[in-house]
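Chemist: Sequence:
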Amino acid sequence: MIDVAVIGAGVSGAYAAWRLLGPESEGSSMLEDLRRRRRGPLAVSLFESSGRVGGRLFSVTPPGMPHMHAELGGMRYLSSHPVVADLVDHLGLPSVPFPVDEPKNLAYLRQRRFTLPQFADPNVVPYDLPAAIRGNTPDEALLSVIERFFPNAASMDHQAWDKVKATATADGRKLYDVGFWNLLLDAVGQEGWKFLDDGFGYGAVVANVNGIEAMEASVADFVGSPPPNYLLLRDGYQTMPEELVRRFVAEGGSVHLHHQVRRIDRETVDGEEVLRLTLSVWPAGRPLTVRARHVILAMPQRSIELLDPDSFLFSSDQFLSDLGSIIPRPASKLFLGYDRPWWEDLGLRAGRSVTDLPLRQVYYWGVEGDQTGADPANRNALLLASYNDISDVEFWNELLPQPNRLAPVAQTRPPRPMDAVAPGALVEEAQRQLRELHGPDARIPDPTVAYFQDWVQDPYGAAYHFWQVGAKSWEVMPRMRHPLPDANLYVCGSAWSTGQGWVYGALTQAELMLEEHFRLARPTWLSPSAYLGS
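Here the working numbering is used: the first residue of the sequence shown is 54, the next is one more, and so on.
Don't read these hints as lab results, they were simulated from the structure.
The beta carbon of each residue, even a glycine, is placed where N, CA and C say it ideally should be.
Misleading hints may appear alongside valid ones.
Pairwise CB distance ranges, derived in the manner of DEER restraints [to be verified]: (1) Pro156 - Pro498: 23 to 31 Å; (2) Ala185 - Ala574: 45 to 53 Å; (3) Ile497 - Ser307: 45 to 53 Å; (4) Leu310 - Ser132: 29 to 37 Å; (5) Ala574 - Ser307: 21 to 29 Å; (6) Pro147 - Glu79: 43 to 51 Å; (7) Arg488 - Pro170: 19 to 27 Å.
No farther apart than 25 Å at their CA atoms in a straight line, the calculated lysine-lysine pairs in the DSS-like style are these [said to hold, decoys possible]: (8) Lys525 - Lys218; (9) Lys216 - Lys525; (10) Lys227 - Lys525; (11) Lys157 - Lys247; (12) Lys227 - Lys216.
With these hints in hand, go ahead and build the complete structure from the sequences.
Modeler: Structural data, given as structure tokens:
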């Protein structure tokens, strides 16, 4: 019998496990009761179906570039993100700036190539835009639409948005009950919407999701004032969950990789109701039963759906409704390594270029010799050749060999995101599109290494999630943190959060779950006044 089983060693699971054995746990009356029953230290175990810690934080170091990291999952955070920025400082993880829109970078839309500042010239931009957004960048145009509903939107923070979500309306309808695409069509028409979809680089930003949630996400993540300050972890984002797990183990926690939870049942042992976990231990698939007094599902929507449908939690209609309150969103990344930074010949050094080609976004990731501690003579360079989402993901998936395409969850072992080497046909097509984007002056050598990752595969089911039209996030989030009032079962992660797709969303929900249901005091490194949401 263990006291707490944490299922999933992504960042929210790693954080929850670490906090349960951290210094604040000594002040929790609930955890003290568990220790008293055990007559010893708290027994906390972290179970992970794959062979690695990190979940959708997946950092790969390419050969010949020991100081570079291809971030195949989450890649950055905002300096304004509470919990994340504070945790980075507390753990001593070095960070570096992550520029995005640099003046010399390119837009290639409708077969017209221009620099980002030229968005201000209506004669250059190949869209017949309404007067209200003509001469605007996509960021400016999107913000101008949002400001029609909230004139001070650019400066609204998380708490300000939470105050208006339940009541804000458009034409008599609650904004949470209207799709964002519908709102944009009403405001700028189909041509204006297409301009935003193409020029922004993210299809998900202007999709038909929950209107009020999309507005908040757009402002918080991209178009707010002051402009977002993005940061990378110098040694890879995966080092965050790895360091959390290292500290968790140092405090006496146990980690079990290749342990996949199949179902969860209630059981009574010596008069005490506990939760029985049925697991498969890979690679042999050996069955294992574990009993725990408390279970934390640090898992996204699809991973929960893959549990045995006879698991008791699926008997709750409210839980099933909340489980389906979010939409899974596909996204994929292709990193290419080269023996030189060929883009610098074109005056491009950092940030991104955008296109309506299936590449969508191209980030000039960096040069090995320019990194701290690296050999300056090493000119090996890394390019995020494609960061794409929604319909463009399917384009790249069709270039994968048949066995690697999307399929039901493996019965012999869970899929491994480590199998991320990109096939030749996919790389050749990416090279062709890179030449088209950058123009005839680009001299692009053959890549030396290629990585491709699509997070739609089971057991992840999505790169990130977004709130459905009609979902009342402020009601769903607290319910999901403790979905069954009569069971010691909890859920945390970015899927049901404000901050979907960000480590911020994952950690705020994990922290709120720990404070509310395990009675943990807020850690000393996190400001007591930091607003974490509903």
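Chemist: Take the hints in turn and mark each one as holding or not.
Modeler: Status of each hint after checking the structure:
Between Pro156 and Pro498, the C-beta spacing of about 26 Å keeps the proposed range 23 to 31 Å intact. Take Ala185 and Ala574: their Cβ atoms lie about 50 Å apart, and the range 45 to 53 Å holds. In this structure the hint that Ile497 and Ser307 lie 45 to 53 Å apart at CB holds, the actual value being about 48 Å. At roughly 33 Å, the beta-carbon separation of Leu310 and Ser132 lies within the given 29 to 37 Å, and the hint holds.
The supplied range of 21 to 29 Å is met by Ala574 and Ser307, whose beta-carbon atoms lie about 24 Å from each other. Separated by about 30 Å at the C-beta atoms, Pro147 and Glu79 break the suggested range of 43 to 51 Å. For Arg488 paired with Pro170, a C-beta distance near 23 Å keeps the hint of 19 to 27 Å intact. With a C-alpha separation of about 8 Å, the suggested pair Lys525 and Lys218 falls inside the 25 Å cut-off, and the hint holds.
Taken as a hint, the Lys216 and Lys525 pair is honoured in the structure, with Cα atoms around 13 Å apart against an allowance of 25 Å. Distance check on the hinted pair: Lys227 and Lys525 sit about 11 Å apart at the alpha-carbon level, within 25 Å; holds. Distance check on the hinted pair: Lys157 and Lys247 sit about 23 Å apart at the alpha-carbon level, within 25 Å; holds. Between Lys227 and Lys216 the alpha-carbon distance is near 14 Å, which keeps this suggested pair within the 25 Å criterion.
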